[in-house]
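Asks: If you want the building blocks of each chain, they are given just below.
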Amino acid sequence: MSAPLLEVENLATHFFTRAGVVRAVDGVSFSVRPGQVVGLVGESGSGKSVTGYSLLGLVDPPGRVVGGSIRFEGQDLVTLPPDRLRTIRGRRISMVFQDATATLNPVLSVGDQMLLAVKAHESISDKAGLALALASLSRVGIPDPASRLNAYPHQLSGGMRQRVAIAIALLHRPALVIADEPTTALDVSVQAQIIHEMRELVRVSGTAVIWITHDLATVSSLADDILVMYAGRVVESGPTRTILREPRHPYTRGLLDSVPSRNPPGVDLPQIPGSTPSLLSLPPGCPFAPRCGFATGLCATMPAVENGEGRTWRCHHPQGIAA
Amino acid sequence: MSVPPILSLDAVSKRFDPRLTLGDRIAAAIGGDVETRAVQAVRDVSLSVAKGETLGLVGESGCGKSTLGRIAAGIMAPTSGAVRLDGEPVIGADGRKHTTRIQTVFQDPFASLNPRITVGDTLAEGPIAHGLVTAGASRAYVAEWLDLVGLDPSYASRYPHQFSGGQRQRIAIARALAMKPDVLVCDEPVASLDVSIQAQIVNLLLKLKRELGLTYLFISHDLGVVRHISERVAIMYLGRIVELGPTLRLYESPEHPYTQALLASVPRLVTSDSDLAEFRPIAGEIPSPLAPPPGCAFHTRCLHAGPRCSAESPALLATRTGRATACHLYTGGVEKAA
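Residue numbers (numbering that gives the first Met the number 0), protein chains in the order written: chain A, 0 to 322; chain B, 0 to 337.
In isolation and in its complexed conformation, chain A is listed as follows (with noise of 0.2 Å):
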């Protein structure tokens, strides 16, 4: 197993509002390979999105990392001056947004837009720049791409406009990507087609992904490993396949008990009952102890994380091990 491409420890980001801290991301720890696809999964409130946006400094006022470290080739992002941060960003890791509309501006054309995004990172022609760019987008599939290089994003479809997002992304070949809800916004048959040419991609350009989702089907068949977040904690993590088919932590359980598919038709859906706690007043303890049917006395105190067998969770109730 080569290195790890990036190491996250002990990762806090709270954001200090008039009505309280928001403690967002509390303790998240977790690393990535080189090639490695990673999802993390939560619900609304889980911090996924914002862990995501942690490794890249793009926390803004009133939220700030607290604490933690993020190693990526050999330096810590957290401690990193801004401009140190910004040769990083968008070269070495790049993001894709959920929403593709409001991630291209809607005044230039996409073929200028991606030379910025090159230039930004290289000195170099124009010409040189827009062939870069013209591969990219040949790269994601888009049908003749020249001509997309004179486009506006407003005369792209939602797909289009997204795959012009993820070639920005992969413009200078990083090391990481961070995709964010890439497909959310997109239909089932446009989602299938994406989702196809990331693994694709992935797998020629050895880029690694931490792909961010609440779908689990969607995540199923394209991370290695996955962790699954709740109120700003990992409450699970491991292989992608192995959680799934054996989750340890009642929540994960509860998540995948309640996908229809899974049920036969017509009949309750087994539910998580409530919903996600407001991350203001978090009980103490487990965060997912009052909408657990396991919970007992024990799961007042806030429990360790626990690993073996590649895999790890946070629950004084692990369900499929001997107690």
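Everything labelled a hint here was simulated from the structure, so no lab data went into it.
A couple of the hints might just be wrong.
Claimed, not checked - Lysine to aspartate or glutamate pairs mimicking DMTMM-like chemistry, simulated, CA-CA at most 20 Å apart: (1) B:Lys50 x B:Asp181; (2) B:Lys206 x A:Asp256; (3) B:Lys50 x B:Asp85; (4) B:Lys179 x B:Glu210; (5) B:Lys208 x A:Asp267; (6) B:Lys206 x A:Asp267.
Stated by the list, open to error - Residues from chain B that face chain A, not an exhaustive set, calculated with beta carbons under 8 Å: (7) Ser163; (8) Ser195; (9) Val201; (10) Leu205; (11) Gly223; (12) Val224; (13) Leu261; (14) Leu268; (15) Val269; (16) Glu284.
As the list claims (entries may be wrong) - Here are some chain A residues the structure puts well away from chain B; computed CB gaps all over 10 Å: (17) Ala18; (18) Asp59; (19) Pro60; (20) Asp82; (21) Arg83; (22) Leu169; (23) His171; (24) Val203; (25) Leu279; (26) Ala299; (27) Arg310; (28) Thr311.
Cβ coordinates follow ideal geometry from the N, Cα and C atoms, glycine included.
Given the coordinates of chain A, work out where chain B should sit on it, guided by the hints.
Replies: Coordinates of chain B only, in the frame set by chain A:
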């Protein structure tokens, strides 16, 4: 079908004409480049829903499913065709809805609830206006419906911003139910909710149907949820129904090439490395509804398309009992026009 339909759509079409400003009209008159093409959002759709049935309406964005849902609910008048509830027109000659027996639940419970009105007033407004309850008795009436959808009746005095997305969707459902409808049109009711909350709302809809004998027109792009909740499914593509049939049979052996491709595109929850099969995603994208392809609208992306498909639009015809497909493959082949 043994049960007579409660809701029937007869050859419904809807065209949206672009609204031209004076400037646009002048520009068009002197030969300017002005978009004057109409969008044919729904084309010649006939459907019926039996009492107590859930009909799933599935399609990708721009296929016309929401427009069709609005027409079925009487919120929007069709350009041609008719919607009937127990044989009576839902929209009268004056172009207005004449019944409260069809109600709608929308996708986004953040947009569909008035932020300045308490939940209690939101729920009471319709029933009071239509004489289902007096203002004096409305408090108990509202409490009853809140309780039915799993909310504490004391929430009636709160405002929408005090609730989570799942709770808001419960409120939106309670508001629709307080009108005592027979038919509920649900337009993507779980699409904006978190995964763990989706199951709660699906279960609530199943429970309400059992307890109140409701009929659902369930519109969604989520094939998993539709499979779970519907007895029959209609698949839409560019304004037309391309396949219609009993849910399980349609999912197990889809007939229309679009249905086949759509079902193959749904991400599956893979729990074993040996199930990591490669699949070929459907090629291309949905053409613009401004300029739909001639003949069968799907022929530009269809693996089986032949000359007949670009020349002739296939009708939605019964291929087996209870099953209908709009595809030339099942009516003499794709080569030559019949």
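Asks: Take the hints in turn and mark each one as holding or not.
Replies: Evaluated hints:
1. Only pairs whose Cα atoms come within 20 Å are accepted, and B:Lys50 paired with B:Asp181 is accepted, the gap being roughly 8 Å.
2. Restraint check for B:Lys206 and A:Asp256: satisfied, since their Cα atoms lie roughly 19 Å apart, inside the 20 Å limit.
3. Proximity of B:Lys50 to B:Asp85 is assessed by CA-CA distance (about 10 Å); at most 20 Å being required, the pair is judged to hold.
4. Restraint check for B:Lys179 and B:Glu210: satisfied, since their Cα atoms lie roughly 13 Å apart, inside the 20 Å limit.
5. Between B:Lys208 and A:Asp267 the CA atoms are separated by roughly 12 Å; this keeps the pair inside 20 Å, and the hint holds.
6. Taking the CA atoms of B:Lys206 and A:Asp267, the gap is near 8 Å; set against the 20 Å cutoff, the hint holds.
7. Taking 8 Å as the C-beta cut-off, the interface hint given for B:Ser163 holds, the closest approach to chain A being about 5 Å.
8. Satisfaction of the interface hint for B:Ser195 is found here, the shortest Cβ-Cβ separation to chain A being roughly 4 Å, below the 8 Å cut-off.
9. The criterion of a C-beta within 8 Å of any C-beta in chain A is met by B:Val201, whose closest approach is roughly 6 Å, and the hint holds.
10. At a threshold of 8 Å, the smallest CB-CB gap from B:Leu205 to chain A is about 6 Å, leaving the interface hint in force.
11. The beta carbon of B:Gly223 is positioned within 8 Å of a beta carbon in chain A (closest approach about 4 Å), and the interface hint is therefore held.
12. Because the smallest distance between the Cβ of B:Val224 and any Cβ of chain A comes to about 5 Å, under 8 Å, the interface hint for this residue holds.
13. Annotation: B:Leu261 was flagged as interfacial toward chain A, and the flag holds, the nearest CB pair being 6 Å apart, inside 8 Å.
14. Of the supplied interface hints, the one on B:Leu268 holds, with its beta-carbon coming within about 5 Å of a beta-carbon of chain A, less than 8 Å.
15. Of the supplied interface hints, the one on B:Val269 holds, with its beta-carbon coming within about 4 Å of a beta-carbon of chain A, less than 8 Å.
16. Because the smallest distance between the Cβ of B:Glu284 and any Cβ of chain A comes to about 5 Å, under 8 Å, the interface hint for this residue holds.
17. The Cβ of A:Ala18 lies farther than 10 Å from every Cβ of chain B, with a closest approach of about 14 Å, so its non-interface assignment holds.
18. Residue-level check passed: A:Asp59 sits 23 Å from the nearest beta carbon of chain B, beyond 10 Å.
19. Every CB of chain B lies more than 10 Å from the CB of A:Pro60, the least distance being 24 Å, so the non-interface label holds.
20. Once the 10 Å rule is applied to beta carbons, A:Asp82 is consistent with being away from chain B; the minimum gap is 39 Å.
21. For A:Arg83, the condition that its CB be more than 10 Å from all CB atoms of chain B holds, with the nearest at approximately 37 Å.
22. Consistency note on A:Leu169: stated as away from chain B, and its beta-carbon is indeed over 10 Å from all of that chain's, at 19 Å minimum.
23. A cut-off of 10 Å between C-beta atoms confirms that A:His171 is not in contact with chain B; the least separation is 27 Å.
24. With a least CB separation of 15 Å from chain B, A:Val203 remains clear of the 10 Å interface cut-off, as annotated.
25. Distance check on A:Leu279: its Cβ is at least 14 Å (rounded) from any Cβ of chain B, clearing the 10 Å threshold; non-interface status holds.
26. Every CB of chain B lies more than 10 Å from the CB of A:Ala299, the least distance being 22 Å, so the non-interface label holds.
27. With a least CB separation of 14 Å from chain B, A:Arg310 remains clear of the 10 Å interface cut-off, as annotated.
28. Remark: the non-interface label on A:Thr311 is consistent with the geometry, its nearest Cβ contact in chain B lying 19 Å away (cut-off 10 Å).
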